[in-house]
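Chemist: Residue numbers (this note's numbering), protein chains in the order written: chain A, 24 to 179; chain B, 8 to 87; chain C, 1386 to 2136; chain D, 865 to 1156.
If you are wondering where the hints come from, they were derived from the structure by calculation, not from laboratory data. Warning: the hint list may mix true and false statements.
[What the hints assert, rightly or not] Under the rule of at most 27 Å between Cα atoms (straight-line distance), these lysine-lysine pairs were calculated in the DSS-like manner: (1) C:1545 - B:50; (2) D:962 - C:2008; (3) D:962 - A:96; (4) D:962 - A:27; (5) B:50 - C:1479; (6) B:40 - C:1669; (7) C:1566 - B:40; (8) A:96 - D:917; (9) D:943 - A:96; (10) B:50 - C:1566; (11) A:27 - C:1566; (12) A:27 - D:917; (13) B:40 - C:1545; (14) D:874 - A:27.
[To be verified] Estimated spans, in silico, between C-beta atoms of each pair: (15) C:1668 - D:867: 26 to 34 Å; (16) C:1467 - A:35: 32 to 40 Å; (17) C:1450 - A:31: 25 to 33 Å; (18) D:920 - A:38: 20 to 28 Å; (19) D:951 - C:1583: 45 to 53 Å; (20) C:2117 - B:15: 39 to 47 Å; (21) D:1041 - C:2117: 39 to 47 Å; (22) C:1946 - B:34: 51 to 59 Å; (23) A:144 - C:1530: 53 to 61 Å.
Using N, Cα and C, we set each Cβ at its ideal position, and we do this for glycine too.
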Amino acid sequence: MARKSHVQTTINGETVEFLCESRQSLLEVLRDELHLTGAKEGCNNGNCGACSVILDGRLVNSCLVLGVETEGKSVETIEGVAEPDKLHPIQDAFLENAALQCGICTPGFIMSTKALLDQNPNPTEHEIRYWLAGNLCRCTGYDKIVRAVQDAAESM
Amino acid sequence: MRNLTGGEESVTVPGATVREVIDNLENRYPGMKARLREGDRLKPGVAVYINGLLTRGSILERVDADAEIHFLPAISGGTT
Amino acid sequence: MTENKEYKVVGTRPIRHDGVDKVTGRALYGADFQIAGLLHGRVLRSPHAHARILSIDTSRAEALPGVKGVVTAADLPTAEDRIADLGEGAVNLKYLCDNIFASDKALYKGHAVAAVAATNPHIAEEACTLIDVEYEVLPPVLEVRQAMEPDAPLLHENIKTTSMGETAEEPSNVASHIQHKLGDPEKGFAEADIVIERDFVTGTVHQGYIEPHNATAHFNQDGQLTIWCSTQGAFTVREQVAEILQHPISKIKVVPMEIGGGFGGKISVYIKPVAALLAKKTGKPVKVLMSRTDVFEGTGPTPASYIRVKMGATKAGKITAAEAYLAFEAGAYPGSPVGPGAMCIFAPYNIENVIIDGYDVVVNKPKTAPYRAPGAPNAAFGSETVLDEIAEELGIDPLEIRLINAAKEGDRRADGPIHPRIGFIETVEAAKSHPHYTAPNGKKHHGRGIASGYWFNIGLESSVTINVNADGTINLIEGSTDIGGTRSSIAMQAAEVLDIPAESVNPSVVDTNSVGYTAVTGGSRTTYATGYAAYEAAQDVKRKMIERAAKLWEVDESNVQFADGVFSSINGKEEQISFRDLCGRLGETGGPVVGSGTVNPGGAGGAYATHIVDVVVDEETGKVEVLRYTAVQDAGKAIHPSYVEGQIQGGAVQGIGWALNEEYIYNDEGEMTNASFLDYRMPTCLDLPMIDAVIVEVPNPGHPYGVRGVGEVPIVPPMAAIANAIYDAIGIRMTELPMSPNRLLKAMGKI
Amino acid sequence: MQDFGYIAAKTVSEAVALLDEKGQTARILAGGTDLIVQVREARRDVDWMIDIKSIPEVNVLDYNADTGLTLGAAVECFKIYAVDEICDAYPGLIDATKIIGGTAIQGRAGVGGNLCNASPAADCIPPLIVLNASCVIAGPNGERELPAEQFCTGPGQTALENGEMLVSLKIPAPASNSSSFYLRFIPRNEMDIAVVGAGASVTLDDAKQTIVSARIALGAVAPTPLFAEEASALLTGREVSDATIDEAAQAAQAIARPISDMRGTAEQRTHLVGVLTRRALNGAIQRIRDAA
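Turn these sequences into a full structure, and let the hints guide you.
Modeler: What follows is the structure, encoded as C-alpha cells:
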C-alpha cells in the first residue's frame, strides 16, 4: 500500500490537515478526503476547467496539482465563495443571467471568473473569452456566461 | 410493408381500435400482424400515428371512422 | 385554450429553484455521492477494435492487496436474444448485455471486458492491468460504406438485413433498411427545371457532456439494490438494469443525482449494471467512475454517415421531387438513428414526390446513442446544402425558396403523417426580417449562410405529485432529471394554474420508489410532458381546494370559483378566501391535499428552426471563424424564456463544433486517436460570438400552454448553415464534416 | 496512477543529488501540467517526483536592459507576462506564454518545464531558439550551458544527463531595432496543441528597411523544434520585401519533415510552415516598425 504524507494547508481560510498519497491530486484530496465536492472532475488532464480552484491567489486546475504540493499553501474553492448569509456577486450574476444549465461546469467557471475579476475588474468581452477558454461548458454556448461575467464586473 | 400490400402505399381497412385495424390488415395482407404486433402489444420499435399525431404506442388506441393511421419506426432523442 | 394569451408566471424569468445549490458547489452530482465503506470500481476495456476473446484470467488482479472483487461477462445472467421496449426505443437484450461486458467478441476499442472493485481507485486501476485477456485480433470495419460491401468482415454472424419485419437470407452488417415513398419521384424529377445531386459524409461526434458517467450501487442481503447515479431517466435505468441482471424492478431503487449534461448520451446504461455486479460480489457499496477517455471510447457517440441527396425544382423554385439515401453507422450493435434521420430530412418542405432509403449498419465503433435530435443533423447537412445550391442556381434568395416550399398545417410529411399546426414559416419570416439578415455582407472571404431544421419532439409518460403546504406553498414531486432548468419550467406551469409565484413551488426530483413512472429527460419532452403532468396535478389540487372551500362555506362545489388566487362563492353567499389562507385550513376541512397528474400525451408538436451565420475563412490556413450567429426557433410557448434561449444557444454551439472541428479520428487499427478534450475539439468561449436566440411562439395545440419541446432542433441547422456560409465566402461547397482546416485546404487546392 | 515518492528539494545541490541517487525514474516536478498527466496516463514511469519550486534559483525572474533576462526554470507563465519590461523586450516569448493551455495552466506551467518536456510542438521552444536563449544546467559535475536549439534531442528527450536539471534560461538583451514574434496554427483559438508553430526574431537597420539579422524556428514539424538555419541566414542583409520573406518561408518549408497524426497531416503542416513563417517574420518586422 502506498505511503501517506501529512499535509497542513489553508482551505477557504481554515487550517486543514489531511493524509494523502503522493499520487492523489488536490482534486482527489478535496473531493475524497475532505468531501469538498464542488470542484468536479471532467477530464483529469487540465482541458476542461471543471476542477478550477485558486491556489495562493492564482487560478489552477486542481487535477494538475498534487495534494502534497499544497503544504503551507492557501486554497480557495467554490465552497468558500459565498458569505454565510449572501451569495457572492458573481454567483448572483450567474443565477440572474441563467448562465448555467446542467451546472457541472459552474463551480469552475465561478472560480475562474473570480480569479479574473480579482486581477482585472473591468475586462472586455474578448478578455473574458480569452480568460475563460480553459473552462468548457457544453450546455450554454457561453453566451449567458459571458454576460454574467460582464454583469458581475459591473456590480462589483 | 409495401411488398405485403402488393405495392399499395395506402390501404383502407375497418376497425375501431389499432388492434382491430391490425387484425383486419392481417386478414387482407397476411404477414402484417407479425410485423406490427408482438403478442397482445405493439411490437417494440413501431410507432403509431393517428391523424398525424404520435399516439401512446398502444394497440388499444381508439380510431375514428376516417382516421389516417401510420405505422413508422419509433424515435428517441436527447436534450441537455 | 391555445391562443397566445397573457400569463402571470408562464413567460417570466424567475431564478431557477436549484440555482443556489448549483452556484455554491453544494449540488450533489453522481460522482459526489459518498457512503461509508465505499469501494471504487474501474473497468478494463478492449485495446482492439475487433477481436475474439479467447480467455480471461483475473487471478493476478484478485491477488492484489486491496482488491475486493472482479467481474466479467461470466457474472451476467445469460441474455435472451429478445427485443425489449425500455421506455425510449426498443433494445435487443443480448446486445444490451454484450455492450456491458464483451462476451465472445470485443467489437470496438474501449469495449468493457472486466471490472475491479478495490479500496481505492488507484488500486482498482492497477488491478485492471493485471487481468490477462487473450485476444484473437480480427480485421476491423470502420466505415459505413466499407461495412456494406458484400465481402466486408462481419461483426455478427446472426445479423441479417430486415426491412419492416422482413428478413434477408444472408448475414450482413446492414441490420435494417427502411424506405419512405410519397407520390411519383420519377415523374417529379422529370418535371424539374433543375436537378442537383450531391454526396455527403459526416464524422462520428460525441455529446461531450462535461460530467463523465458514474454509478454507485449497493446490494442488500435481501436483494434490494440501490443505484445512485446521474442519468437522463431513473426509470429507464431501473428497467435496463432489471433486464440485464434479471432482477425484479421492485427490488431496484434508482436515485437520480444531479446530472452534468446528457444530450441523449445518458439514457443507455454502461457502468450502472457493473457497479451493481461489483456490489453484489463484494457486499459493499461500489462507486464506478469513467475517465474522459472511457467516455469517448466506451459510450455511445452519434453516428458517422454517408448521405446522398437529390432534389429537383422548377425555375420558380418549387421543389418537384426529392430523393435521399442515408447510411448510418450504428456502431457495434444495431440501432443508429437513421429512422428519425430519414423521417426528418425533407420535413420542413411540402414536396409531392419523395423517396427516402435508410440503412442501419454495424461497424467496429462504440454502439451509438442518441445525441440531440438524433439523425436529423446529419440529414439536414445534406438536404439544406442541396437546397441552397438550387436557390443559388436559380437566383432565388435562400430564405425565399424555403418560404416557397415551406410545410404548413395539413401538408403531408414524406414519411406519411400530416402536419398539425407548425411554425416553420414563422421562423423563416422572422429570420428574413432580422437585422442580421439585412446587414451588409460583402467583405472578401466573408460569407453568410442560412439553413433550417426540423425535429419531431416526443411525449411519453410523466407523473407529478403536488403536496400542499399550510403556508400557501406547494411541494412538487417529479421524476424528470433536471438537466437544464426544468425544475423551474415544470414548477412554473403548476404555479400558473394555482396563481402562486414560481418561488412558492418547491420542486424535487426523486427516486424511482417515490414518484410515478416518468420517462427520460430526452426527446425535448420534459417541459412539455412533465410540465403537462404538473399542470394536471395542479388542476387536481385546484379541484380539491374548491371542495374544501365549499365545505368551509357549506355550499355546493359548483358554487365555488377560483380566480386571481382567490376562491369565492358565487350564487348567493359573499365568501372569499385566498389560496394561501385556505391552505392554512386543510386540517379542519378534511386533511392534507395532495394532487396528482399523470400523462402520456400524443400531441408533442414538432419544432422548426432557421439559423443565420456569418463566417470568415482564412484562405491560407483553411480556418473558419464564426463572426455572427442568429438562431430563430418556434418554441410554441416559452415557459422560462431564459432557459429556452439557453437551449437554442447551446444546441447551436454544439452544431458549430460538429460543423468545424469535432470528430472521432481513427487509425487503421480502429483506435480513436483523439479521445481527450485536448484533441476532440469542442468549442471554447474564445471560438464563438454571442449567439442571438430569437424565440417565435406558434402555440402547440397539444399542450395547455402551447409548449413545444425546444432542446433538440437547434442542433439541426448549424452544419448546413455554416457550409452555405463557407460557400458564400470562398465559392466552394463543402460536403464532408467536420469542415476542418485540413479539409478546407484540400478543397481549396492548397494541399 | 502508479505510486511514487514526493520530495520537495530546498537547494539545487539537493535536487541534483536526489536525481543522481534515484536515477532514471526520478523526475523534476515544476508546474506538473505535463508530468502529472503523463504519469496518470502511464505514459511515463516515475518512482520519484522531486519538487523544485522551493529552490530560490529556479524562481529567479530578473531582467536587465544591458544583460538580458534570467528566467528560473520553475517560473510560471503568468509571472512572466505580468512584467511589462519583459513583454517589451521579448514579445515572441510572451506570445508563447500566453497561449500555453488556458489561464489555469498558465498559473502552474512555465517556460522551463515546457522546454524540459521536450514536446516537438512546445510553444515556448521556437521563441527561445530565435531569442538565442541559453540553458543553464546543473549536475553532479557542476554547471554547464547549452544553446536552446540543442536542448531537445527527440520527442520527450533532452540533452540532460543523469543527475542534471535545468536551473534557468538566459536570454540576451534585445538589440536595437529588433523584435520577435511567435504564432501557431490550431483549429480552435485556444486549448490546442500547435499543428505547426513558428517563431522569428528580426533585427533591422536604423531605416527599418533592411534585415540585419534574423532567426526562424519551427515547432511540430520534426521530432524536435527546429532552428531554420538556412532560412534565417538568407535574410541577412536583404531588404524587407514579400519576395524575400517568401524565399525564407520556402527555405523553412524545405527542412520540415512532419508526420500525419490526429492534429494534422504532413501536407497540411508543410503548407502551414510557409504560411506561419511569413506571418512570424512579418509580425516581428511590424513590431519593430510600430515601436516608437
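Chemist: Next, verify each hint and record whether it holds.
Modeler: Verification of the supplied hints:
With a C-alpha separation of about 19 Å, the suggested pairing of residue 1545 of chain C with residue 50 of chain B holds against the 27 Å cut-off. Restraint check: the Cα-Cα separation between residue 962 of chain D and residue 2008 of chain C comes to about 21 Å, which is no more than 27 Å; the hinted pair holds. Under the criterion of a C-alpha separation no larger than 27 Å, the hint pairing residue 962 of chain D with residue 96 of chain A is consistent with the structure, at around 25 Å. Between residue 962 of chain D and residue 27 of chain A the CA atoms are separated by roughly 36 Å; this puts the pair beyond 27 Å, and the hint is violated.
Pair hint residue 50 of chain B plus residue 1479 of chain C holds up; C-alpha atoms about 17 Å apart against a cutoff of 27 Å. Straight-line distance between C-alpha atoms of residue 40 of chain B and residue 1669 of chain C comes to about 48 Å, which puts the hinted pair past the 27 Å bound. Taking the CA atoms of residue 1566 of chain C and residue 40 of chain B, the gap is about 21 Å. The hint holds against a cut of 27 Å. Between residue 96 of chain A and residue 917 of chain D, the direct Cα distance comes to roughly 13 Å. Compliance with the 27 Å bound is thereby established for this hinted pair.
With a C-alpha separation of about 18 Å, the suggested pairing of residue 943 of chain D with residue 96 of chain A holds against the 27 Å cut-off. A hinted pair counts as satisfied when its Cα atoms are at most 27 Å apart, and residue 50 of chain B with residue 1566 of chain C qualifies at roughly 22 Å. As the CA atoms of residue 27 of chain A and residue 1566 of chain C are separated by approximately 69 Å, the hinted pair breaks the 27 Å bound. Only pairs whose Cα atoms come within 27 Å are accepted, and residue 27 of chain A paired with residue 917 of chain D is accepted, the gap being roughly 21 Å.
For the suggested pair residue 40 of chain B and residue 1545 of chain C, the alpha carbons sit about 20 Å apart, so the restraint of at most 27 Å is met. At roughly 21 Å between alpha-carbon atoms, residue 874 of chain D and residue 27 of chain A fall within 27 Å of each other, so this suggested pair holds. About 27 Å separates the C-beta atoms of residue 1668 of chain C and residue 867 of chain D, a value consistent with the hinted range of 26 to 34 Å. Between residue 1467 of chain C and residue 35 of chain A the CB atoms are about 54 Å apart, so this pair departs from the stated range of 32 to 40 Å.
A beta carbon spacing of about 29 Å between residue 1450 of chain C and residue 31 of chain A agrees with the range 25 to 33 Å that was offered as a hint. Against the hinted window of 20 to 28 Å, the Cβ-Cβ separation of residue 920 of chain D and residue 38 of chain A comes to about 26 Å, which satisfies the hint. The beta-carbon spacing between residue 951 of chain D and residue 1583 of chain C, approximately 50 Å, falls within the hinted interval of 45 to 53 Å. Taken as a hint, the range 39 to 47 Å holds for the pair residue 2117 of chain C and residue 15 of chain B, whose Cβ atoms sit roughly 45 Å apart.
With their beta carbons about 42 Å apart, residue 1041 of chain D and residue 2117 of chain C fall inside the hinted range of 39 to 47 Å. At about 53 Å, the beta-carbon gap between residue 1946 of chain C and residue 34 of chain B stays in the expected band of 51 to 59 Å. The hinted window of 53 to 61 Å between residue 144 of chain A and residue 1530 of chain C holds, with their beta carbons roughly 56 Å apart.
In terms of the numbered hints stated before, the structure departs from hints 4, 6, 11 and 16, listed from lowest to highest.
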